[in-house]
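Here's the letter readout for the chains.
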Amino acid sequence: MLTIKNLHVKLEDEDKQILKGVDLTVEAGRVHAIMGPNGSGKSTLSYVLSGRDGYEVTEGSATLEGEDLLAMEAEERAAAGLFLAFQYPVEIPGVGNMTFLRTALNAQRKTRGEDEISAGDFLKLVREKAKALKIDADMLKRPVNVGFSGGEKKRNEILQMAMLEPKMCILDETDSGLDVDAMKLVADGVNALRDSGRGFLVITHYQRLLDHIAPDVVHIMADGRIVKTGGPELALEVEKNGYADILAEVA
Amino acid sequence: MAVAQTKLDLTETRIGALAMPQSKGWGQTARADALARLRAMGLPARRDEYWKYTDPSSLTQTAAPRAALHVDDEAPIFGEIDRLRIVFVDGVFDPTQSDDLALAGITIERLADVMAADLHWAREHYGVLEAAGQIPVARPLAALNTAYASDGIVMRATGVVEKPISLVYLHNDPTSDAVMHHVVRVESGASLTLLENGPAAARFNKVMEVSVADDGEFHHIRTQGRDHERRAATHIFARLGARSQYKSFTLTANGVLTRNEHVITLSGDDASAHVAGAALGDGAQAAFHHDDTVFITHDAERCESRQVFKKVLRNGAVGVFQGKILVKPGAQKTDGYQISQSLLLDDDSVFLAKPELEIYADDVSCSHGSTTGAIDETALFYLRARGVPRDIATDLLVLAFIDEAIAEIADERLAADIRHRLELWLGRRRQG
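Going down the list, the protein sequences come from chains A and B.
At the far end of the first sequence sits residue 255, using the working numbering, and the numbering has no gaps.
At the far end of the second sequence sits residue 446, using the working numbering, and the numbering has no gaps.
Calculated directly from the structure, the hints in this document are not laboratory data.
Hints are supplied without guarantee of correctness; some may be wrong.
To be verified - Just the calculated beta-carbon pair ranges, DEER-fashion:
| id | chain 1 | residue 1 | chain 2 | residue 2 | range |
| --- | --- | --- | --- | --- | --- |
| 1 | A | Glu69 | B | Asp349 | 56 to 62 Å |
| 2 | B | Asp425 | A | Arg198 | 45 to 51 Å |
| 3 | B | Arg444 | A | Ala248 | 52 to 58 Å |
As the list claims (entries may be wrong) - Derived lysine-lysine pairs resembling DSBU-like cross-links, with alpha carbons at most 35 Å apart:
| id | chain 1 | residue 1 | chain 2 | residue 2 |
| --- | --- | --- | --- | --- |
| 4 | A | Lys133 | A | Lys145 |
| 5 | A | Lys9 | A | Lys24 |
| 6 | B | Lys261 | A | Lys145 |
| 7 | A | Lys145 | B | Lys177 |
Here the structure is a predicted model, which is why all the values come from computation and not from measurement.
Here a beta-carbon is modelled for each residue, glycine too, at the ideal position from N, C-alpha and C.
Let's have the full structure, built from the sequences with the hints guiding it.
Laid out in structure tokens, this is it:
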């Protein structure tokens with residue numbers, strides 16, 4: 005599904021190398037987790053994959069089902085099936101949540117050469133998906149993320165994911181700022197989307213989220229590289245002993 | 015202060031090229047008084063403080079600069095709204111295209127007929143609100159208008175007028191120079207919605223005097239047409255009675271020069287005045303210069319005023335905002351709010367803002383804010399990351415930026431029509 009080879013990335017405006025050769029393959033139907041200390045490059049990886057400005061790829065490649073992601077505009081990546089759940093979802097005053105969802109859904113369909121969804125079908129779909137995430141009509145009517153609590157913002161991210169049905173989902177510290185109940189709700193939303201055709205890359209500091217979204221593979225990232233890969237037990241090891249032991253071991 | 019000789023010369027040259035319409039009795043006096051006012055202050059020049067950001071020379075020169083006619087392929091605005099249409103072609107009333115002027119709750123007359131009458135209620139309004147609005151800041155183009163206006167509508171609402179009165183200004187002559195003057199009186203407890211649309215002329219000088227009596231309600235929604243080269247100087251002078259409501263919204267897209275002045279006095283307690291405007295300028299096809307100049311006087315207790323002006327500028331377009339709130343002694347519990355913002359879509363466009371507060375009462379709440387900025391890149395990326403292409407995402411953010419001004423329109427159908435026009439305007443620029 006997602007194949008990253010030897011990815012090197014620096015900041016566009018300054019001479020600072022952030023990713024120093026990331027190799028990673030996420031297969032369809034599998035959940036990969038990336039853990040790592042602050043500043044290891046986890047969020048940068050998610051931004052580079054989703055097409056945010058300000059980064060320069062100096063070496064390596066990233067493909068989604070064989071298509072070169074790095075050659076695409078951000079919106080083309082989304083239409084190709086890549087989705088990033090933001091660590092800090094953006095507030096957009098003046099743009100209604102429903103308008104936003106519908107514009108996004110139809111824009112993707114159009115890019116893929118599909119017909120726009122009818123107003124009736126859209127409404128039915130959004131109500132059904134919103135209900136599962138306990139998102140009420142008022143939240144749907146309000147401007148995108150404006151005045152939302154931390155938990156509401158993250159649930160809104162998962163709602164977008166559920167509506168857009170991407171092939172490859174990247175969750176960037178979706179657990180940050182969530183209480184236990186909100187985390188469960190978000191995890192349930194993610195788990196409902198798990199199927200054999202969809203890949204997940206879950207970026208997190210803590211093992212906590214992985215209790216709810218059980219990963220197949222866990223990677224440890226440090227200083228711009230994946231330094232260790234293992235099964236779910238690796239996350240438990242981090243939780244128990246911190247990163248220091250692992251980093252010392254691979255150094 | 016003595017008026018400079020060059021200004022007096024300019025004024026006399028302009029006056030010399032105009033013919034005062036024949037009136038008798040009170041109408042003749044009103045025009046002569048206005049002419050005297052104009053002569054005393056002289057036409058505006060660039061060196062005047064009030065015209066610092068907008069060059070008035072093309073508004074004061076003898077002949078109207080040529081303005082190419084716009085060929086419209088779009089369904090007319092307000093077309094779906096049930097309304098009473100009054101059509102003017104290059105500033106001249108056209109009865110053949112207009113509806114019957116009879117409507118329950120309102121009397122509608124032509125200015126020429128009113129001015130020919132010996133006695134008429136309009137006598138207490140025509141030129142009167144304009145003259146009052148000359149203090150403390152001179153508005154010579156309005157005085158010129160009162161003296162020389164060749165057409166206009168005089169209307170008096172006495173009840174709830176069930177459908178909007180719609181003034182449609184067509185432009186058929188590329189050198190037309192129209193001077194129009196309307197008078198609106200909303201009686202106690204009456205309610206009126208007035209629509210205006212169209213470019214009107216190559217050069218348009220329009221004054222509207224609005225008097226809203228106690229508990230009256232006046233709604234005004236205006237669009238200024240799609241002609242790129244037209245010029246307009248408009249003034250609205252309003253006087254508001256106790257508990258009355260006044261709401262005005264203007265959409266301006268295109269126009270090489272527009273100066274819209276609002277001069278509003280809240281003279282009865284608990285009155286409310288909202289003035290809003292959205293201007294979208296693209297200097298690519300023709301220059302775009304848009305000036306909103308607002309002067310709101312609070313002269314009674316517990317009145318509320320609100321100014322919301324938004325401008326979206328690109329390709330060298332220029333936006334100007336001069337907004338003042340004057341709170342007179344004794345106007346306690348005044349609630350005044352003013353916001354002027356611009357969104358600059360490139361480095362070539364310019365926004366000039368001059369917000370002013372002058373307060374002589376000690377128990378008031380007044381605030382103002384002015385911002386200028388570019389599209390929010392973070393929001394843009396968020397939209398694109400969800401699959402919305404950059405140009406559509408930009409338009410969505412532009413519409414969101416303007417929406418606070420459109421939200422000032424009370425009637426949802428009219429607001430929807432305005433939003434639709436904006437979408438069309440943005441869509442045309444996407445294709446181009």
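Hints and how they fare:
no. : hint                               : in the structure
1   : A/Glu69 with B/Asp349: 56 to 62 Å  : 59 Å, holds
2   : B/Asp425 with A/Arg198: 45 to 51 Å : 49 Å, holds
3   : B/Arg444 with A/Ala248: 52 to 58 Å : 54 Å, holds
4   : A/Lys133 with A/Lys145             : 15 Å, holds
5   : A/Lys9 with A/Lys24                : 11 Å, holds
6   : B/Lys261 with A/Lys145             : 26 Å, holds
7   : A/Lys145 with B/Lys177             : 30 Å, holds
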